[in-house]
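So the chains spell out like this:
Protein chains: 2
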Amino acid sequence: MTARTLQGFMELLPQEQLVFNHIKSVIAHTYELFGFVPLDTPVLELAEVLLSKSGGETEKQIYEFKKGDTDLAMRFDLTVPLAKYVALYNNDLTFPFKRYQIGKVYRGERPQKGRFREFYQCDIDVIDRDELNIVYDAELLAVIYTIFSRLELPAFKIYINNRRLLSGYLASLNIADKTVEVLRLVDKIKKLPHEVFLAELRDLQLSEEQNNALLDFIKIQGDNATILAKLGALAQDNAEYTTGLAELKTVVDNALALGVPAQNIQIDLSITRGLDYYTGTVYETFFDDYPQFGSVCSGGRYDNLSSVFGGQKFPGVGISIGLTRLFDQLRAHNLLSFPKLTPNKALIITQGEEFTAAAVKLAQALREADIATDIMYRSCKFKKKMEYANKIGIPYLIIIGEDEAATGEFTLKDMSSGEQSRVGQAALIAKLRG
Amino acid sequence: MTARTLQGFMELLPQEQLVFNHIKSVIAHTYELFGFVPLDTPVLELAEVLLSKSGGETEKQIYEFKKGDTDLAMRFDLTVPLAKYVALYNNDLTFPFKRYQIGKVYRGERPQKGRFREFYQCDIDVIDRDELNIVYDAELLAVIYTIFSRLELPAFKIYINNRRLLSGYLASLNIADKTVEVLRLVDKIKKLPHEVFLAELRDLQLSEEQNNALLDFIKIQGDNATILAKLGALAQDNAEYTTGLAELKTVVDNALALGVPAQNIQIDLSITRGLDYYTGTVYETFFDDYPQFGSVCSGGRYDNLSSVFGGQKFPGVGISIGLTRLFDQLRAHNLLSFPKLTPNKALIITQGEEFTAAAVKLAQALREADIATDIMYRSCKFKKKMEYANKIGIPYLIIIGEDEAATGEFTLKDMSSGEQSRVGQAALIAKLRG
Chain V
3 MTARTLQGFM
13 ELLPQEQLVF
23 NHIKSVIAHT
33 YELFGFVPLD
43 TPVLELAEVL
53 LSKSGGETEK
63 QIYEFKKGDT
73 DLAMRFDLTV
83 PLAKYVALYN
93 NDLTFPFKRY
103 QIGKVYRGER
113 PQKGRFREFY
123 QCDIDVIDRD
133 ELNIVYDAEL
143 LAVIYTIFSR
153 LELPAFKIYI
163 NNRRLLSGYL
173 ASLNIADKTV
183 EVLRLVDKIK
193 KLPHEVFLAE
203 LRDLQLSEEQ
213 NNALLDFIKI
223 QGDNATILAK
233 LGALAQDNAE
243 YTTGLAELKT
253 VVDNALALGV
263 PAQNIQIDLS
273 ITRGLDYYTG
283 TVYETFFDDY
293 PQFGSVCSGG
303 RYDNLSSVFG
313 GQKFPGVGIS
323 IGLTRLFDQL
333 RAHNLLSFPK
343 LTPNKALIIT
353 QGEEFTAAAV
363 KLAQALREAD
373 IATDIMYRSC
383 KFKKKMEYAN
393 KIGIPYLIII
403 GEDEAATGEF
413 TLKDMSSGEQ
423 SRVGQAALIA
433 KLRG
Chain A
3 MTARTLQGFM
13 ELLPQEQLVF
23 NHIKSVIAHT
33 YELFGFVPLD
43 TPVLELAEVL
53 LSKSGGETEK
63 QIYEFKKGDT
73 DLAMRFDLTV
83 PLAKYVALYN
93 NDLTFPFKRY
103 QIGKVYRGER
113 PQKGRFREFY
123 QCDIDVIDRD
133 ELNIVYDAEL
143 LAVIYTIFSR
153 LELPAFKIYI
163 NNRRLLSGYL
173 ASLNIADKTV
183 EVLRLVDKIK
193 KLPHEVFLAE
203 LRDLQLSEEQ
213 NNALLDFIKI
223 QGDNATILAK
233 LGALAQDNAE
243 YTTGLAELKT
253 VVDNALALGV
263 PAQNIQIDLS
273 ITRGLDYYTG
283 TVYETFFDDY
293 PQFGSVCSGG
303 RYDNLSSVFG
313 GQKFPGVGIS
323 IGLTRLFDQL
333 RAHNLLSFPK
343 LTPNKALIIT
353 QGEEFTAAAV
363 KLAQALREAD
373 IATDIMYRSC
383 KFKKKMEYAN
393 KIGIPYLIII
403 GEDEAATGEF
413 TLKDMSSGEQ
423 SRVGQAALIA
433 KLRG
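Chains as they are written, first to last, in the working numbering: chain V, 3 to 436; chain A, 3 to 436.
Calculated from the structure, these hints are not laboratory results.
Which copy? The list can't say, so a pair holds if one copy fits it or any two copies do.
Think about it this way: if two alpha-carbon atoms lie no more than 20 Å apart in a straight line, the pair counts; the simulated SDA-like pairs of lysine to any residue are:
1. Lys-385 - Leu-95
2. Lys-251 - Lys-363
3. Lys-26 - Asp-42
4. Lys-68 - Leu-48
Only a predicted model underlies this, so the values are computations on that prediction, with no experimental measurement involved.
One chain only, chain V, in its complex shape (with noise of 0.2 Å):
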C-alpha cells in the first residue's frame, strides 16, 4: 500500500503548519475583537439543502453522494450553512447577529496550480431581521484592514463599490433591464482582455451613447473623495442612485473614522461582484504589487440571507478571506517568514537516564507556569540531543547532568545568543516567564 494523499488537498510539514496556524488565529482574534461570535457548522448537509442556492458551475464541482436513501453534499462555502442556520435558530438567536465561521470547504474542481478541492474559509457576517444599519459594512473594512496589518502583509487595498449606485446609475441611462448582464460583465473588465470586453459589451447592444456613459463611468479615478464629489455630479434625479452613493459615503467616512488609513481603501465603480445575490456594498482586496492573486477578500451586503428558506427578511454584510489560497500564494512568493517554530519555550535534555527523575520534576513546574516545555526522553549520545535542539529552534535548552542534580542549578542556554548560565528553579521560571 502506497501513501498518497489526494491532489488538490493541502498538507504542511509542522514549520509550516505552525505559521499557517498563527495566520488563523490572528484571523478568528480579531473577528471575535470586533465583536463576532464563533458558528461551526456540519460539513455534510443534505444535498437539497445546500443545492438550494447553487447553479451551473458550482453544481458540477460539488460532492455529492448517496448513504442509505439520503442524498449528501459536501458544503461549499459557509454562506449557504449560515442561510440555513438563521432560518432554523432565528427565534433563539440575538440581533444583530455577528458570526464568524472558520472552517473546510469542498469543492471538486479540475485539480491545478494554486487551486484546491478542500480550503479553509474565514468568513464574519452581520445580519438583522428586516433591516441592517449601514455602519456594519463600515466595520468589515476595519475587521479586514486590522488582520491584514496585524499579520504584516503586503500593501494592499481594498476596493469597495455599491451595486445600489450602479444599478440606479443604469436606469437613469434607460437600461435598467440590462443590469444583470452589464453588472455581470462590468465584473469582469480587469479579467479579459479590453478587445474582449469591448467585444462582448458591443453583444448588449447598447447605443454609443449608453455605451460612453458606462465606460466613463466605471473608469471614473482619483482618490475617494474625488470619486465621492464627482459621483455627486451625476444622476441626481435616480432615488436608487442617491441612496447608493450615500451610502458608499457613509462606508467610507465610517471607515476611516474606524482607524483605517486612507490608503487601503480605495472606491472604484468597476467593481460589482458577479453574483446577483449582492445588492449594496461589494468588497474586494488585491495586494498591490501583487495583482495577480486575484482578490483575497472578497464580499459584499445583501437584502435577504435565507430567501430560499422562505419566512422572514433577513439583510446582512458579509466578507471572506480564502485562506489556503492566500497562504499557498503568499508562500510561493516568499511573503512568509518560517522561523524555525515550536511552541516550546523550553526543551530539557540531560546527560544519563539517571537524570530523568529530576528532568521530569523541573518541566512539571515550568508546564504549572504555562511554560510551553518539551523534554527529549530518547536513550541517545548527548552530541545527538544537541542536534536535536538545534533542528527545532528552541529558545532556551535547559541541561541536567551530575552537577545540575547535585546543586539544583541548571545550565541554562539561550540557543539565539549561545549565552549559557547556571540557574535555579525559580530564577528559571522567572527568566522564561518574561
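Based on the hints, put chain A in the right spot on chain V.
Frame of chain V, contents of chain A only:
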C-alpha cells in the same frame, strides 16, 4: 424549502459554541504546553488509504463515494491519516515527533441518543523511529490530567494497564495461543452482565485452573503500590511479563513525578482495549460519578504506526479525547456552566445616530488596545438597546449621549454590579484592560 440539519450532526447556539470552543482551546493549549505540534490532514482521502486498516463494523460506517474515477472516503479517525502522513513525510520530520490534531471525523452510524456521525477527536501521539522511550507513556497521563483539571471536570480516574504484562501472564498460564480472544473478552468485563461474561469465558474452553488464575489476576485490587507489589510476586519466569511490569511501574512513577495526583491514576488489570493494534500501555478514563459516560479518553502504545504502508518501523503512544460526545454528555448532565458569554468586553450604545461618529472613534481606540468591543448600530429606541445589552450578557456597557459627546467623559456601566460612572477614554482603556 425547509431548513434542516442532518440527524447525528451537532449544531450549537452561540452561547454553547463559546463554551465548546473554550474547551477545545484549553485542550489545544495544553497539548502545546507539553511540546506537541499541530497537524491538519484532509477530511477526504483515497478510500484505499483509509480502508487499509479498518475492518468489520468500522468499514460499514464509512462515508465512501466515487467522484469521477476516484474512490474517496471521509476519515473515520485521525490515526490512519497520521500513519499515512508519517509514512509519506518521515524524511522531513524530526523524531521524536510529537503531534496533536483536533479535527472532525465521520462515522455513518445508526443515529441514536449520544451517538454522532460527525464528531471532534482531539488526538496526541508521540512517534519515534525504531524505539520510543517509555517515559512518554507517562507524559500522556500528565497531559490528560492537566486538561481535565484545568477544565474543572468532575472527579475522574485514568485507568492504565499494560498488554505486554497481560500477554506474558497468559503465556505463563500456557494460553498464549488464545491471547487475542482472551484480551478481547477481558475488555468487555465491565460492559457485559457478569453471567454473560462468564458464559463467553467458558466458550474459550480454558481449564478450570486457567480460568480461575485469569479471573483472580484481572481482579487484583488496591492502590497502585499494592497492585505493583502483588504483580511482582507472579510469573517472574516470563520475560514479557517482567518487561510489561517494569514498564507499568515506570509509567506510574513518572506520572507521579510529572504532578499527576495518585488518586487520578489507577492500575486496572481488566483494561485491555479491544484492538490488537495496542502492544504496551493502554489507557481509559472514567468519571468517578458518571461511569455511564463510558471512557472519555482512551489510547495506548503501539509497535508500528505505519505498518500497512511498509518501510520503517514507527513505534508510538497516543491518546484521544472524543470531544463532541464528551461535551454532549456534560451538557446533558448539567455539568457545564453556560454564563451569558460573549467574546466582547464592552458594548457601546448611543442615545441617537448623531453620536455614531463618537462611538466609532471610541471603539477603534478600545480595539487598538486589544479590548474586544461591539457597537450596536441599530436605529432603535434606547430601551431596546438596553434590552439587547442585558440579553447578550456583556461585562461593561458604554453609553454615549449629548453630555458624553460634549465632555469626552463616557458613561460606563458595570453590568454585574450595576455601578455607573463617568470616565475619560484613557481611564476607560486602563479599566477594561485590567
